[in-house]
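Since each chain comes alone in its own frame, lean on the hints to assemble the complex.
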Amino acid sequence: MLKKDGVPSPEELKGVKPSPERLKEGPVVIVECMQEIPCDPCYYACPRSAFRPFPDINQKPEIDYEKCNGCSICIANCPGLAIFVVDYTYSDEEGLLKIPYELKPLPEKEEAVTVLNRAGEEIGRGRVVQVLNTKKQDRTAIVSIAVPKDILMDARHIRLRRGSNEG
Amino acid sequence: MRQTDFAVIGGGPAGLAAAMEAANAGAKVLLLERDDWLGGQLVKQTHQFFGSKNEFAGMRGIDIARHFTEQIEKNENIEVFTGATALGYYEDGVLTAAYSGRVLKIKPRTLLIASGAMEKMIPFLNNDLPGVYGAGAVQTLMNVYGVVPGKRVLMVGAGNIGLIVSYQLMQAGIEVEAIIEGTSQVGGYWVHASKIRRMGVPILTNHTILQATGQEKVEGAIITEIDENWKPLPGAEREVKVDTICLAVGLSPLAELLWQAGCEMEFSPQLGGYVPIRDGNLETTEEGIYIAGDVAGIEEATSAILEGQLAGISVARKIGLSVSEDKIKKIKENLKSLRAGPVGEHIRQGLARVER
Numbered sequence: 001m002l003k004k005d006g007v008p009s010p011e012e013l014k015g016v017k018p019s020p021e022r023l024k025e026g027p028v029v030i031v032e033c034m035q036e037i038p039c040d041p042c043y044y045a046c047p048r049s050a051f052r053p054f055p056d057i058n059q060k061p062e063i064d065y066e067k068c069n070g071c072s073i074c075i076a077n078c079p080g081l082a083i084f085v086v087d088y089t090y091s092d093e094e095g096l097l098k099i100p101y102e103l104k105p106l107p108e109k110e111e112a113v114t115v116l117n118r119a120g121e122e123i124g125r126g127r128v129v130q131v132l133n134t135k136k137q138d139r140t141a142i143v144s145i146a147v148p149k150d151i152l153m154d155a156r157h158i159r160l161r162r163g164s165n166e167g
Numbered sequence: 001m002r003q004t005d006f007a008v009i010g011g012g013p014a015g016l017a018a019a020m021e022a023a024n025a026g027a028k029v030l031l032l033e034r035d036d037w038l039g040g041q042l043v044k045q046t047h048q049f050f051g052s053k054n055e056f057a058g059m060r061g062i063d064i065a066r067h068f069t070e071q072i073e074k075n076e077n078i079e080v081f082t083g084a085t086a087l088g089y090y091e092d093g094v095l096t097a098a099y100s101g102r103v104l105k106i107k108p109r110t111l112l113i114a115s116g117a118m119e120k121m122i123p124f125l126n127n128d129l130p131g132v133y134g135a136g137a138v139q140t141l142m143n144v145y146g147v148v149p150g151k152r153v154l155m156v157g158a159g160n161i162g163l164i165v166s167y168q169l170m171q172a173g174i175e176v177e178a179i180i181e182g183t184s185q186v187g188g189y190w191v192h193a194s195k196i197r198r199m200g201v202p203i204l205t206n207h208t209i210l211q212a213t214g215q216e217k218v219e220g221a222i223i224t225e226i227d228e229n230w231k232p233l234p235g236a237e238r239e240v241k242v243d244t245i246c247l248a249v250g251l252s253p254l255a256e257l258l259w260q261a262g263c264e265m266e267f268s269p270q271l272g273g274y275v276p277i278r279d280g281n282l283e284t285t286e287e288g289i290y291i292a293g294d295v296a297g298i299e300e301a302t303s304a305i306l307e308g309q310l311a312g313i314s315v316a317r318k319i320g321l322s323v324s325e326d327k328i329k330k331i332k333e334n335l336k337s338l339r340a341g342p343v344g345e346h347i348r349q350g351l352a353r354v355e356r
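Protein chains in written order, with our numbering: chain X, 1 to 167; chain F, 1 to 356.
Hints were generated in silico from the structure; no laboratory data involved. Quantities reported herein were computed from a predicted structural model and do not represent experimental measurements. You may find that some hints are simply not true.
[To be verified] Here are the simulated DSS-like pairs of lysine-lysine, each with C-alpha atoms no more than 27 Å apart in a straight line:
1. F:Lys53 x X:Lys67
2. X:Lys67 x X:Lys17
3. X:Lys17 x X:Lys60
4. X:Lys60 x F:Lys329
5. X:Lys135 x X:Lys109
6. F:Lys336 x F:Lys105
7. X:Lys60 x F:Lys336
8. X:Lys17 x F:Lys241
9. X:Lys4 x F:Lys332
10. X:Lys149 x X:Lys24
11. F:Lys241 x X:Lys104
12. F:Lys120 x X:Lys4
13. F:Lys332 x F:Lys28
14. X:Lys109 x X:Lys24
15. F:Lys53 x F:Lys332
16. X:Lys3 x F:Lys120
17. X:Lys60 x F:Lys28
18. F:Lys241 x X:Lys4
19. X:Lys3 x F:Lys336
20. X:Lys109 x X:Lys149
21. X:Lys135 x F:Lys53
22. X:Lys136 x F:Lys53
23. F:Lys151 x F:Lys217
24. F:Lys28 x X:Lys3
In isolation and in its complexed conformation, chain F is listed as follows (with noise of 0.2 Å):
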């Protein structure tokens, strides 16, 4: 059984950060991550960040995961375990993983659940055929493994995900026929939108997929003009030929230690789904478990690093090291000030409720 001050959950942006500060506050760290290497989505996100010039903006995700991975592989109180995926967390506070070819057995002070999020699916028929993408699965063959999933693609949704994963496609030299997004409006910044706009791609609003056709694999795909109550337009169906549909229509968090943990639960729409509640420095219900990132609630990778600061310093203090409250107020106050924009209005909103 190992023994550690603090164990973390997930080496991507939210984990990275948190095994940071508190490793440099002086804790132990043991840091578990599924993957073979360190950065979690942040690895394939090769465009450049927005949010403050304070925390990254302007770099690209791939090059902070870089720079964190070479943080933590320095610091000499940061145990790193890639490959490494958690099983879960039991009454008498230990926590098991698989980790090459055995169960790991750890008993931590504290843990950190920052195991972000999967991508949503949605009904229509043929979705089960070969050809049919997540859209995050379409970002990690291409800029992880540099395989393109095809020659023509649909974009399903026009949030920040769509619009930025479509970019990289043309980028790629793949033709992007159309996103397609099942609401009014383009959910994601306009800036992406207008980018791949005046690379030709069309953004059809009030629209939606229907079907995947095709025998073996997808050959096309039947969309429709829909009104507001999703209700296809008469005579407004065509079929548009592609050999990939990418379904960029959200994401939920990953939330199966924290109900095993036995955190208390809500769920909450504008976070993406059921997510735990937390007090101001994100301990959850449960004493001495923390969480940051997508699992805490669905955002962007800059207010993952700044929640997974504060968990990190949180936890230092919490075992009793010293740790800077002006610190804590910084951060609190950089996660605010991401946040009290228009586009951070449903992220305040689900706060509101989970918060306490």
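Here chain X stands alone, though its shape is the one from the complex (with noise of 0.2 Å):
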């Protein structure tokens, strides 16, 4: 539970999923920003307006799905790095995850990484597809990993695999 240990229960993810349907069509953003707090930046940030407009600033994201096109534009503009990108359709094995990373080394395209879950533990292996960091993203680099599609919903970073022995 978010509150006890910052890891989502179940049912607190339950809130933040695009339908099962939207998921098929194309890559849709994820936004895990489940408590209110007072922070706008995503409205701002979304060249589509598919985050409802903050009639109060403590209220959560609210996302039209539809207008959505997983262009990843809001993910550097979070300050809380909560929002992600998710394509179902990337391959028919493989789905592609957006993530927001900000330490260094960045990873290089085409690394193999470790691919870790919400609470930090190893659930597979992927490989890096892009990496953007742009000076409009402001040093929140957008780090692009392609993952099995039966971990793509777990997996939220990664871990470099550089000097390790694991091959």
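Now the structure itself:
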């Protein structure tokens, strides 16, 4: 449970998942912001107005998933690093996960990485497909990782494997 | 003796915002900052700020500090003294400060005390061993001076500071053994907890530190699970091997100057300790003495900036300059909306008792 240990429970996650139908249609945002805190940059970040306006800045973000095309601009604009994009249509076996990443060194394209879940546990391997780090992102890189589809909804962070003997 | 319309003590977010507002309205401002640079705690905040996009949300604290410093240095109405420590404020309205080996005497028409806060300490065995730090001190070491405190850290306290500094330690390549928290819940924003959690750092609520171990320096810590009455559970003690213990157990307002100036004070657990009674424009019970930022009650930097703006513009009005009443209203509305949610509840409760 989030307030107990920082890991959202399945019940808590239910509220932030797009519908299975929407997930099948292509890239879409998952906003894991489950607490009412005073914050609204996501609303201003989205070029397609997929985030609904905040009548009260303390509200949790509400997303119009039909407007979201998974463009990922919001990822680096979230001060809580709580926004991810998933794409179940990436390939037959793999889905694509986009995460905010603020550690150095940055991973490189085609690099194999260890995939971690929300509790920091290893759940598999992934392959870095793209690393975006433009000036506009203000030092929050966006890393795209191809991961097996069955772990796409649990995968939320990566660990580099450089220098390890894991191969 | 220097004369000025408005003396500001403290060049953190509150003091800087107040100096800007008052100077832009035409007041002559004299700003005292103890450090050798402006920005206060902002200079070590490498994370993006929360809050409203209208008030710097999304910007990193370090960049907000830079933005303010540039504006202040350009402003001809503001005279800045860095490396200047305010010493006292006396019955005849004279403020003194230690500056460059001598004592400055200033007679301001109005005064803002924006002196910020200091870190709290908790008692445990061997808490005086080298290697026991305040989390703010660790943040200063790392992000201002580029020095890491150790190799493996135990963080005590899961409020925003504990969570954010843990993240910054990980960014600096330092291992965080765990974040322990005495209460049953994460006190900081859950998004901060989640981002450190998915990097593999455990957050142990209902846990406390019993003692630091080691002879000359910290070599470990004995922690334990506790019940709701803070009593250790039998057999739950264990030692973790760390070389650094980082305490993020809260802040208390640096209110000495307010006491000395004779402001009426009130103890507020919700606001972090003794804070001054104030009116809706942040004027204390001593006429012409204003407050803003953490010294008025422990909060975060966005509200410190807004409070600074409110105090600065109120001072300008007080000394007879024309100000926009709409702007005052807008600042108050923004402050209110920042504090309107569940995470602002303790602030609302605290303010209800000290605002008159």
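Here's how the hints hold up against the structure:
no., hint, in the structure
1, F:Lys53 x X:Lys67, "22 Å, holds"
2, X:Lys67 x X:Lys17, "15 Å, holds"
3, X:Lys17 x X:Lys60, "14 Å, holds"
4, X:Lys60 x F:Lys329, "26 Å, holds"
5, X:Lys135 x X:Lys109, "19 Å, holds"
6, F:Lys336 x F:Lys105, "37 Å, violated"
7, X:Lys60 x F:Lys336, "18 Å, holds"
8, X:Lys17 x F:Lys241, "39 Å, violated"
9, X:Lys4 x F:Lys332, "34 Å, violated"
10, X:Lys149 x X:Lys24, "11 Å, holds"
11, F:Lys241 x X:Lys104, "25 Å, holds"
12, F:Lys120 x X:Lys4, "23 Å, holds"
13, F:Lys332 x F:Lys28, "24 Å, holds"
14, X:Lys109 x X:Lys24, "26 Å, holds"
15, F:Lys53 x F:Lys332, "16 Å, holds"
16, X:Lys3 x F:Lys120, "23 Å, holds"
17, X:Lys60 x F:Lys28, "43 Å, violated"
18, F:Lys241 x X:Lys4, "24 Å, holds"
19, X:Lys3 x F:Lys336, "25 Å, holds"
20, X:Lys109 x X:Lys149, "20 Å, holds"
21, X:Lys135 x F:Lys53, "18 Å, holds"
22, X:Lys136 x F:Lys53, "15 Å, holds"
23, F:Lys151 x F:Lys217, "13 Å, holds"
24, F:Lys28 x X:Lys3, "48 Å, violated"
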